[in-house]
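K.L.:
Okay, here's what each chain looks like letter by letter:
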Amino acid sequence: MNGEEQKGKESEVFTSWLKSSFDFWKSLGDTWPDVMKVSGSTGTGDQFMDYLKSWQSMMEMSEGLMSAFYSSGTVEPVLSGLGGFPDIAMRITKAGWDGYFYLYRQWVEKTLGAAEHAQSYVFEKLDKNSFKTWTEIYEKEFKQILKIPKIGLAREYQERMAELADRFNVFQTTLAEFLYTLYLPIEKSVQIVQQAMVETAKRGDLGDDFKKYYKMWIKTLEGHYMTLFKSPEYTDILKKLLDAVEDYKIAREEVLMDVFRNLPMPTNRDIDEVYRELYDLKKKVRELSKKIEEM
Amino acid sequence: MSEPKIAVELILEKLAEESERTQERLRKAKDVLLGELDTAIATTPYDVVHQIDRVKLKHYTPKRKKTLKTPLLVVYALINRETMLDLQPGRSVVQNFMNEGIEVYMIDWGYPTRKDKFLGIDDHVNVYMDEMVDFIRKKHNLDKVNLMGICMGGTFSVIYTALHPDKIKNLITTVTPTNFDTDKGLLHIWTKQIDAGKLVKAYGNMPGDFLNLGFLLLNPARLMIDKYVGFLENIDNKTFVENFIRMEKWIFDSPDVPGETFRQFIEDCYQKNLLIQNKMIVGGKKVDLRKIKVPLLNIYGRFDHLVPPEACELLTKKVGSKDTEDICLDTGHIGIYVSSKCQRELVPKIAEWLRERDVVARKTRKKKKVASKSKT
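Those protein sequence lines, which keep their order, are chains B and E.
The first sequence finishes on residue 392 if you use my numbering, and the numbering steps up by one all the way, no holes.
The second sequence finishes on residue 528 if you use my numbering, and the numbering steps up by one all the way, no holes.
One or more hints might be untrue.
[As the list claims (entries may be wrong)] DSSO-like mimics (lysine-lysine), calculated; alpha carbons at most 30 Å apart, straight line:
1. K240(B) / K379(E)
2. K379(B) / K437(E)
3. K240(B) / K350(E)
4. K379(E) / K401(E)
5. K336(B) / K267(E)
6. K388(B) / K379(E)
7. K208(E) / K379(E)
8. K443(E) / K381(B)
9. K229(B) / K353(E)
10. K344(E) / K470(E)
[What the hints assert, rightly or not] Pairwise CB distance ranges (calculated):
11. I347(B) / D482(E): 44 to 54 Å
12. M313(B) / D335(E): 22 to 32 Å
13. N359(B) / K431(E): 29 to 39 Å
14. R454(E) / N359(B): 56 to 66 Å
15. D335(E) / K285(B): 20 to 30 Å
16. G435(E) / M392(B): 14 to 24 Å
Simulated from the structure, these hints should not be mistaken for lab results.
The beta carbon of each residue, even a glycine, is placed where N, CA and C say it ideally should be.
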């Protein structure tokens with residue numbers, strides 16, 4: 098089995114397991130009224146029916162969220178998740194190169210007399226508040242669903258699954274916020290150089306060397322990054338990202354260990370225990386050998 | 153109105169020229185990139201003379217007559233690889249040492265796997281380094297060896313010398329952080345906030361890719377954009393491309409760092425700054441810098457953004473040795489080993505410094521022999 102097939106298998110196992118554990122709660126909610134009827138109980142009347150309705154609507158919402166989560170194509174990124182530090186680097190690099198090409202295009206357009214049509218450089222139509230808003234909505238609405246107490250034989254598995262869903266969402270939002278913070282200096286520095294180009298173009302001496310503007314841009318960008326990186330705000334968001342990455346990775350491994358426990362292969366925890374014992378044994382053997390040599 | 157029109161024509165002409173030049177460059181670049189490129193690194197022949205677990209001891213024999221009786225053991229950091237000291241013929245610290253008649257041993261830390269996550273600083277210093285030192289002492293029938301540490305390997309070398317002062321003759325530290333209480337380098341600022349224990353719990357070992365991303369983020373404008381703009385501008389220059397690829401090979405050849413070592417290094421050094429205060433505990437023993445009484449040569453880079461001078465220069469004042477020297481070179485963290493200017497300065501200076509102390513040691517030994525003869 099090659100790597101891709103293996104990955105496909107893992108996410109297939111994970112998807113079906115995830116779905117079955119969700120279905121348990123869904124079916125419980127659906128069959129509850131029938132169970133009550135058979136047992137002759139009406140619960141506490143209207144109050145019970147209200148609770149049941151709200152339970153069912155919550156489960157419907159939850160189903161929407163979960164189906165997106167376990168649908169094919171979503172699970173794989175969750176599992177492979179952070180295969181990705183090079184991916185993050187590529188995304189930042191791409192943003193930088195976009196800025197470079199944008200400036201070059203602006204320079205060419207302006208030299209050809211199109212300065213008045215120059216648009217202000219906006220990297221992404223993102224607003225910092227959108228992260229805050231999304232986080233608030235997530236915390237208030239979706240996270241509550243994930244926090245529903247789990248019961249029954251599978252409760253521990255479901256708890257870990259809910260934890261993973263939560264950590265994954267937090268990680269994704271934090272990563273987006275972090276990348277946005279890194280994009281900002283690119284946007285700002287491009288705007289500064291673009292403004293300088295507009296002003297020089299108006300004076301009629303834009304010059305024929307793009308390199309001059311490139312150097313100005315890279316120096317401005319470097320300065321903006323240095324200011325950003327030394328700021329407490331950046332250190333905070335960096336710490337937030339690291340925490341989110343770590344929490345997500347730990348939650349992901351917990352779930353994967355549940356999945357792998359049913360397969361004939363050892364988990365990281367099993368292997369780590371063996372490695373720890375091996376480490377301690379080697380240390381003891383080394384100490385004893387030294388003692389023997391000294392005798 | 154006529155002037156701007158002329159300017160536009162000139163610019164169009166320039167753009168056309170530029171476009172022609174670009175086409176020509178791309179044509180040549182195709183030949184360069186599809187042709188044979190010599191991008192091999194670490195080509196100087198060596199023998200692996202000793203190995204413990206994943207850790208190897210490389211041995212380089214000098215081509216000319218040995219000018220020092222005592223061999224030099226070079227200890228590189230656990231981050232990136234020691235191949236940086238032998239990037240290419242003509243730009244190789246290792247070859248320069250050999251040309252100076254110095255016999256070089258170098259530790260290759262290898263590629264840690266999950267099995268190595270429990271290995272701490274104690275294991276690296278008191279097991280791996282100590283075994284390598286003992287091997288060299290035994291092979292050469294010597295009591296002491298010369299030790300040179302690089303970056304984190306320098307910190308390990310300082311710890312080693314403080315714990316095993318009787319096995320080291322001369323100590324050379326290059327771009328070695330020992331005082332971590334500074335806000336001059338971004339690493340020093342960022343690592344204050346890191347929960348190293350949690351990182352290690354999540355990852356086991358610290359992934360090399362993770363560390364590399366961190367280093368790229370120290371200066372993304374230069375390291376992720378400008379560097380590659382420079383590459384594109386010289387893409388038709390075979391020598392430039394070869395050198396560039398060699399450097400890329402080295403930079404992104406990043407072994408993972410054993411989890412426990414990473415945790416200890418961040419917490420004890422970067423966050424608590426224990427080493428310089430003589431409070432660090434390694435292998436159950438306190439690391440007391442005052443126990444370092446051997447000659448110490450401390451070299452660092454004025455423009456080093458990873459290990460700024462403030463992180464290096466306190467060491468000579470804190471050790472017990474009276475024979476110490478600080479050298480601050482006008483370069484950065486890597487430039488100290490690979491820039492043409494430093495290639496001409498670094499190794500000759502170290503070789504001269506070692507030879508002076510080797511001579512002194514020989515003279516002292518001779519004097520001692522004479523004294524003991526006269527007594528009898």
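K.L.:
Taking only the CA atoms, is the gap from K208(E) to K379(E) under or equal to 30 Å?
P.N.:
Violated. K208(E) to K379(E) sits at ~33 Å, over the 30 Å cutoff.
K.L.:
Within 22 to 32 Å or not, the Cβ separation of M313(B) and D335(E)?
P.N.:
holds (29 Å)
K.L.:
Please verify whether K336(B) and K267(E) have alpha carbons no more than 30 Å apart.
P.N.:
The given pair, whose Cα atoms are some 28 Å apart, holds under the 30 Å limit.
K.L.:
Does K470(E) lie within 30 Å of K344(E) when you go C-alpha to C-alpha?
P.N.:
Distance ~23 Å between K344(E) and K470(E) Cα, so the pair holds.
K.L.:
So if I understand the rule, the pair passes when the alpha-carbon distance is 30 Å or less; does K443(E) with K381(B) pass?
P.N.:
Since the Cα atoms of K443(E) and K381(B) sit roughly 28 Å apart, the hinted pair holds (cutoff 30 Å).
K.L.:
For a C-alpha distance cap of 30 Å, please report whether K240(B) and K350(E) respect it.
P.N.:
With a Cα-Cα distance of about 23 Å, the restraint between K240(B) and K350(E) holds, given a limit of 30 Å.
K.L.:
Is it true that the C-beta distance of D335(E) to K285(B) lies inside 20 to 30 Å, as the hint says?
P.N.:
holds (24 Å)
K.L.:
Can you tell me whether the CB distance of N359(B) to K431(E) sits inside 29 to 39 Å?
P.N.:
Cβ of N359(B) to Cβ of K431(E): about 49 Å, so the range 29 to 39 Å is violated.
K.L.:
Under the criterion that the straight-line Cα-Cα distance not exceed 30 Å, is the pair K379(E), K401(E) satisfied?
P.N.:
holds (15 Å)
K.L.:
Can you tell me whether the CB distance of I347(B) to D482(E) sits inside 44 to 54 Å?
P.N.:
holds (45 Å)
K.L.:
Between K240(B) and K379(E), is the straight-line Cα distance small enough, at 30 Å or below?
P.N.:
violated (43 Å)
K.L.:
Is it true that R454(E) and N359(B) lie within 56 to 66 Å of each other by Cβ?
P.N.:
holds (59 Å)
Hints 1, 6, 7 and 13 from the earlier list are contradicted by this structure; the remaining hints agree with it.
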